[in-house]
Amino acid sequence: MSDFGFHLAFWALAAMTLGGASMILISRNLIHAVIWLVMSMLGIAGLYLTLSADFIAVVQVLIYVGAISVLMLFAIMLTPRAERDNSQTKISAPAGLVVLLVMIATMWVAVDTDWGPVRDGALTEQARLIGESLIKHYILPFEIGAVLLTAALVGAIALARQDEEDGPVHAASLQAELDGETSIDPADVIDPPLASEPSDGGTTS
Amino acid sequence: MTTQYDATAAMEIVNASAPGAACVEDGVLYLEPALVAEAIESLRDSEESDLIFLCSLTAVDQERHFEVVYHLQSLDLNHILAIKARLTDREDPTLPSLTGVFHGAHLQEREVYDLFGITFEGHPDLRRMFLWEGFPGYPLRKDFLQMPGQIRAGLPGFPHESTENAWPVPGSVPQRPQHPNDPQPPSVLAVAEDGEESS
Amino acid sequence: MTTADDTRSMMDDSRLAMQGTIEALDSGDGSEPVVVNLGPQHPSTHGVFRLKVTLDGEIVRDAEMRIGYLHRSMEKLAEERTYTQNIPFTDRIDYLAAMSNNLAYCLAAEELLGVEVPPRANAIRVMFAELQRVASHAMANGTFINDCGAWHTPLFHMFRDRERVLDMFEMTCGARLTTNYMRIGGVAFDLPDELLPTLEQFLADMPENIANYEALLMENEILHARARGVGVISPEMAINSSLSGPVLRATGVPWDLRKANPYSGYEDYEFDVPVGEQGDCFDRFLVRMAEVKQSLRILRQVIDNLPDGPWLADVPLHARPEPGESYARVESPRGELGFYLVSDGGPAPYRFHCRPPSLINLSALKEMSIGGTLADAIVTLGSIDIVVGEIDR
Amino acid sequence: MSGLSGFSSVLGAWYDFRDLNNLQRLITEWIAEWGPDWIASIVTGVLGALAILGVIGPTLLILIWVERKVIARFQQRYGPNRVGPKGLLQPVADAVKLILKEQLAPRSADKLLFFLPPVLIFVPGILIWGVLPFGPRMSVADLNVGVLFLLAVSGTAVLVLFMAGWSSNNKYALFGAMRAVAMSISYEVPMVLALLTLVVFSGTMSVNGIVEWQQQEDVIFILLFPLSAVAFFFAASAELNRTPADISEAESEIVAGYHTEYSGMRFGLFYAVELGNTLVVSGFIATFFLGGWWLWGLDQWVPSWIILLVKTGAVYFLLIWTRGTLPRLRVDQLMGFCWKALVPATLLFVVVAFVERTLLISEGWDTTVALPIMAVFNIALTLGAVMLFARVSRPAALRRPARIRMAGAEIGGLRAARQVASRTEEPQFQVGGD
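Residue numbers (our numbering), protein chains in the order written: chain A, 1 to 205; chain B, 1 to 199; chain C, 1 to 393; chain D, 1 to 434.
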């Protein structure tokens, strides 16, 4: 492949990534913002491909596009009475500072890195290399990450099961049925608890 | 075979718990409208009558009064009893609701309210059921949509018969079952317009 | 007459009331219940029926039915037609069990007129009422499995049986769905020659078909998971809610009008009343399956003991019954189907009331649905087996 | 036989239709004689894409017909038989009708997100074909991370479904979208684990590598890891929204799920992609678990892509069969089945695969002896796991049988009900239960 193809791909993908990122800032709708984020992530995956890092690229799509964005959508949809728009916040100044610092750090690393030619086996042996470095060199961060995720998982389950008692009403009444007790007492129904039923006027609205 | 439950026996049961609530006319048990719920509850709970199943609840417009008709059935003893209550106030017919006694009365009372305009006091959700809120009039009343010349609804006679057999109606035109070519009274059109509007 | 302002204020009221519901249902963690209108145009509401469910996630917190989309005011119309002219109306009340409705209405009219029905007519009536039960239960069970999410396969298999029953209707009275076959005092036509061989063949084939359905459905784990323990109702509650038919029998209450109050000579036939145990959707399905077998048993006995003679009593077409009233009911495929007729001596009924089992069986729908999921509510509705023509009339 | 052996002598020639890659190689070599290599890359890429599109288009039309005919046979009907011979042109007529139909959009829909999904849904639907090997050298992109690519691309489709459901501004559509998303993030786990079993055991992440491993060891993976095969089959059918797991477009509950509001050809595109995905997933199941283009040496004589198509057809038939037979699971049951049954079971088999791989590689066990033993062991373990699961996780409501009793003389209310229920003899009819 010629340099021309690479350059074309790089500039197109960079435009896609940055364009998507800017649109996240501009769009007022959180769902739209997530969709733009997905576009940005796809651009980054493409950039990885131009770097011959196909494993990372595919994992980027798998994790960020397929899972993280979906989780974000899930979180937006499940957050009760959340502002569904990209509203103004009071902490935009500190947030901007943090972003600036992160950007400086990233650029410093980017400039500092030796972007030499790809070593042999990088394309075919990538998964193996990553696996080996995770298990050998970076075992401690890897394990810390694993423990952290497990803790998060347990915490999420604990939070989700908190209101168990008023959740599966159906299962409880069913169990009572099976135990031979009539869970629906006719007396309860004879004096219906919802005495005043709301009406929508009988018109098709 | 289902037997008819003796109305006199039922009257005694009712009057034991709600004195003066029931009387028997021509072998039919009539209830005092204000005490219908208590009376029927006593019939439901009594071991002898055991009328635990509400077969049917409906009303008849007897022109001078409304008659609400209950058919109650005992499943184990297999007898049935028709009970009636007369409502003489045509302007605002009111009756206690039976929903506290029979959950199955819920929809049937709503139906009677919808089509006859009889109010059931204590009904938790008394709204029109088949027709929309604001529908003018109550269709199953005999005076609903009176024909020009004050002809009441109904079939006065068989088509081949002379008008002698028809109901005596002053200044009537010969009536026949509804036909699309018959001129429609204006109120019918008004109903249709209203329906379009509120949908 | 309501003005536009009235309508608007009514809608305002309803909106406020709806917000009230949401406040009332607010569980405190800030989540909003969702109100979903199932219907009037929905694949699983079996016609123009609307079920308004309030959902918390997928859990049903409130269910309310809205009906009347098919209201034709039959009870008013019937007051303008003679007793015989009203028979075709009864077809349209429950269009999936027209024969049973014909029968119930004719029984009520005969009681008013004091007509004696000839024995052959009674046997033919039983025959067609039971054939109608087979057809109706085939429809009910097929659509029930569909509501459980099957891709129409059991439905089409069961429709094949229903189709054969409808063919028999057609060869007898010319109509398949709205039969208008029964008359006051008997039936309209005698059986055609080709009916009995067809019926024999049908009875010969049905056991194998039923065995096929049982092989396909009875041990199906997914069907069990979907229908067992769903839409449960206790026998006390069922009786109190005036439920009847398979819905009542599934709770274990052996109440069948064919046994309790035999009409048209049902006392002469041997059959059992299948009852369930749990009162859930699956029991309703099983009860219907078992009832089809009992219907076939009755049909066999009817064919073997078919009496000769007239099939229609001598009833004047223009009959004027004495003033009075009658309440006659039959065990229709959906439950207790009653007709309450009041005569004032005129040519038309003074009051014509139908006790619709489909409508009254819905009395407990809310109680059955609340606490289950949206999918459970659909299955429950399917297991009750409603016909909207009968609900709205 | 002589004809066949004569045939084998032309192996590698451009007209050898057993491997259509020869054609492409010819073109590439021809271009390389006169042009820069990037032209060759682009030309072969376009050719591959055209080949895929050329296969998908007609195949979808035929598949619609096949599916409708087969389902009709299950249902004792004829199926389409009016348009064209045997009704073969029915899908074409349907497509023409859909194209001519008016495209409606709800006034309150999110316009951009509403119009995009029918187009975007095609992207993963077509990309996924890229790594499906039709022959030893017949895949458009034989990535060495092909398995991951497959998972990544199929995972993005759910985003499009969510866009469709959310932008419609319809409660049914939103329910469908949420169900699709929830199911996707759940069922991707057993799907990944099932494929991880194969990746661990064969030591390659290339799709073609997995087929070649099966060819080399003379065994198909469904024999070695039956539970992974079943789990993958079920997870795939869940991701494809097919009965018994079609909860995200459950017709009897939420009308049509995320595509409730789409009409005309927009709906047609969703439908077409769904069918295409069904086909390609059948192809991947055939590839991963049934040996793909390889069939114990037969692939030397019969074009490999025909072998793959036949296997794909068999799996596809199985998918139609389950669709035509089974009712649908409820959404909570489906999630419960995923997390409580499929995930632990597939995880168990990842461990098993790891141990067995170690035995083969590090301990140097002889594959000809070890593989049959492992297959028998794994099949026994699968059966045991399934039976254990069926016993432990059965809901309480299903533990006791449903009974039908016959009331003969006892007719009445609660008293009669008690009499019937207290009868000691066996009930007339009993079904289910432990």
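Hints in this document: simulated from the structure, not taken from any laboratory. If you're wondering where the values come from, they're calculated on a predicted model, not measured in any experiment. One should not assume that every hint holds.
[What the hints assert, rightly or not] With a Cα cut of at most 20 Å, we get these calculated DMTMM-like pairs of lysine to aspartate or glutamate: (1) B:K84 to B:E41; (2) C:K293 to C:E221; (3) C:K76 to B:E67; (4) C:K76 to B:D125; (5) B:K142 to C:E270; (6) B:K84 to B:D125; (7) B:K142 to B:D76; (8) D:K171 to D:D110; (9) C:K366 to C:E236; (10) C:K293 to C:D268; (11) B:K142 to C:E80; (12) B:K84 to C:D304; (13) D:K171 to C:E236; (14) C:K293 to C:D314; (15) C:K76 to C:E64; (16) D:K340 to C:E270; (17) C:K293 to C:E200; (18) D:K171 to C:E221; (19) D:K171 to D:D332; (20) C:K52 to D:D110; (21) B:K84 to B:D45; (22) B:K142 to B:D45; (23) C:K52 to B:E25; (24) B:K84 to B:E133; (25) C:K293 to C:E270; (26) C:K52 to B:D143; (27) C:K366 to B:E41; (28) D:K171 to C:D62; (29) D:K86 to D:E67; (30) C:K52 to C:E270; (31) C:K293 to C:D308; (32) C:K76 to B:E63; (33) C:K366 to C:D62; (34) C:K52 to C:D62; (35) D:K171 to C:E58; (36) B:K142 to B:E48; (37) B:K142 to B:E32.
Going down the list of hints, with the structure as the test:
1. Of the pairs offered as hints, the one joining K84 of chain B and E41 of chain B holds, with about 15 Å between alpha carbons and a cut-off of 20 Å not exceeded.
2. A threshold of 20 Å between alpha carbons decides the hint, and for K293 of chain C with E221 of chain C the separation of about 23 Å lies outside it, so the pair is violated.
3. Between the alpha carbons of K76 of chain C and E67 of chain B the distance comes to roughly 17 Å, so the proposed pair stays at or under 20 Å and holds.
4. With a C-alpha separation of about 24 Å, the suggested pair K76 of chain C and D125 of chain B falls outside the 20 Å cut-off, and the hint is violated.
5. Simply put, K142 of chain B and E270 of chain C have alpha-carbon atoms about 46 Å apart, too far for the 20 Å limit, and the pair is violated.
6. The hinted pair formed by K84 of chain B and D125 of chain B fails the criterion: a straight-line CA distance of about 23 Å is larger than 20 Å.
7. With a CA separation close to 38 Å, the supplied pair K142 of chain B and D76 of chain B exceeds the 20 Å bound.
8. For a cut-off of 20 Å, the pair hint linking K171 of chain D to D110 of chain D stands: about 14 Å separates their Cα positions.
9. About 16 Å separates the Cα atoms of K366 of chain C and E236 of chain C, which keeps this hinted pair within 20 Å; it holds.
10. With a C-alpha separation of about 18 Å, the suggested pairing of K293 of chain C with D268 of chain C holds against the 20 Å cut-off.
11. With a CA separation close to 11 Å, the supplied pair K142 of chain B and E80 of chain C stays within the 20 Å bound.
12. Restraint check: the Cα-Cα separation between K84 of chain B and D304 of chain C comes to about 44 Å, which exceeds 20 Å; the hinted pair is violated.
13. A distance of roughly 37 Å separates the Cα atoms of K171 of chain D and E236 of chain C; the hinted pair therefore is violated under the 20 Å criterion.
14. Distance restraint check for K293 of chain C and D314 of chain C: the Cα-Cα separation of roughly 35 Å exceeds the 20 Å cut-off, and the hinted pair is therefore not satisfied.
15. Restraint check: the Cα-Cα separation between K76 of chain C and E64 of chain C comes to about 27 Å, which exceeds 20 Å; the hinted pair is violated.
16. Among the hinted pairs, K340 of chain D with E270 of chain C is inconsistent with the structure: their alpha-carbon atoms are about 50 Å apart, more than 20 Å.
17. Straight-line distance between C-alpha atoms of K293 of chain C and E200 of chain C comes to about 15 Å, which keeps the hinted pair within the 20 Å bound.
18. With a C-alpha separation of about 30 Å, the suggested pair K171 of chain D and E221 of chain C falls outside the 20 Å cut-off, and the hint is violated.
19. Note on K171 of chain D and D332 of chain D: the hinted pairing holds, with a Cα-Cα distance of about 19 Å set against a maximum of 20 Å.
20. Taking the CA atoms of K52 of chain C and D110 of chain D, the gap is about 26 Å. The hint is violated against a cut of 20 Å.
21. Between K84 of chain B and D45 of chain B, the direct Cα distance comes to roughly 19 Å. Compliance with the 20 Å bound is thereby established for this hinted pair.
22. Simply put, K142 of chain B and D45 of chain B have alpha-carbon atoms about 36 Å apart, too far for the 20 Å limit, and the pair is violated.
23. Distance hint between K52 of chain C and E25 of chain B is unfulfilled; the C-alpha atoms sit about 45 Å from each other, more than 20 Å.
24. Note on K84 of chain B and E133 of chain B: the hinted pairing is violated, with a Cα-Cα distance of about 28 Å set against a maximum of 20 Å.
25. Pair hint K293 of chain C plus E270 of chain C holds up; C-alpha atoms about 12 Å apart against a cutoff of 20 Å.
26. At most 20 Å may separate the alpha-carbon atoms for a hinted pair to count; K52 of chain C and D143 of chain B exceed this at roughly 34 Å.
27. Taking the CA atoms of K366 of chain C and E41 of chain B, the gap is near 24 Å; set against the 20 Å cutoff, the hint is violated.
28. A C-alpha spacing of about 17 Å is found between K171 of chain D and D62 of chain C, which places the hinted pair at or below 20 Å, so the restraint holds.
29. A threshold of 20 Å between alpha carbons decides the hint, and for K86 of chain D with E67 of chain D the separation of about 14 Å falls inside it, so the pair holds.
30. The straight-line distance between the Cα atoms of K52 of chain C and E270 of chain C is roughly 44 Å, outside the 20 Å bound, and the hint therefore fails.
31. Distance hint between K293 of chain C and D308 of chain C is unfulfilled; the C-alpha atoms sit about 26 Å from each other, more than 20 Å.
32. Distance restraint check for K76 of chain C and E63 of chain B: the Cα-Cα separation of roughly 15 Å lies within the 20 Å cut-off, and the hinted pair is therefore satisfied.
33. In summary, the hint linking K366 of chain C to D62 of chain C is supported, as the alpha carbons are separated by about 7 Å, within the 20 Å threshold.
34. Under the criterion of a C-alpha separation no larger than 20 Å, the hint pairing K52 of chain C with D62 of chain C is consistent with the structure, at around 8 Å.
35. A hinted pair counts as satisfied when its Cα atoms are at most 20 Å apart, and K171 of chain D with E58 of chain C qualifies at roughly 12 Å.
36. With a C-alpha separation of about 38 Å, the suggested pairing of K142 of chain B with E48 of chain B is violated against the 20 Å cut-off.
37. Taken as a hint, the K142 of chain B and E32 of chain B pair is broken in the structure, with Cα atoms around 23 Å apart against an allowance of 20 Å.
Hint compliance for this structure: hints 2, 4, 5, 6, 7, 12, 13, 14, 15, 16, 18, 20, 22, 23, 24, 26, 27, 30, 31, 36 and 37 are not met, and every other hint is.
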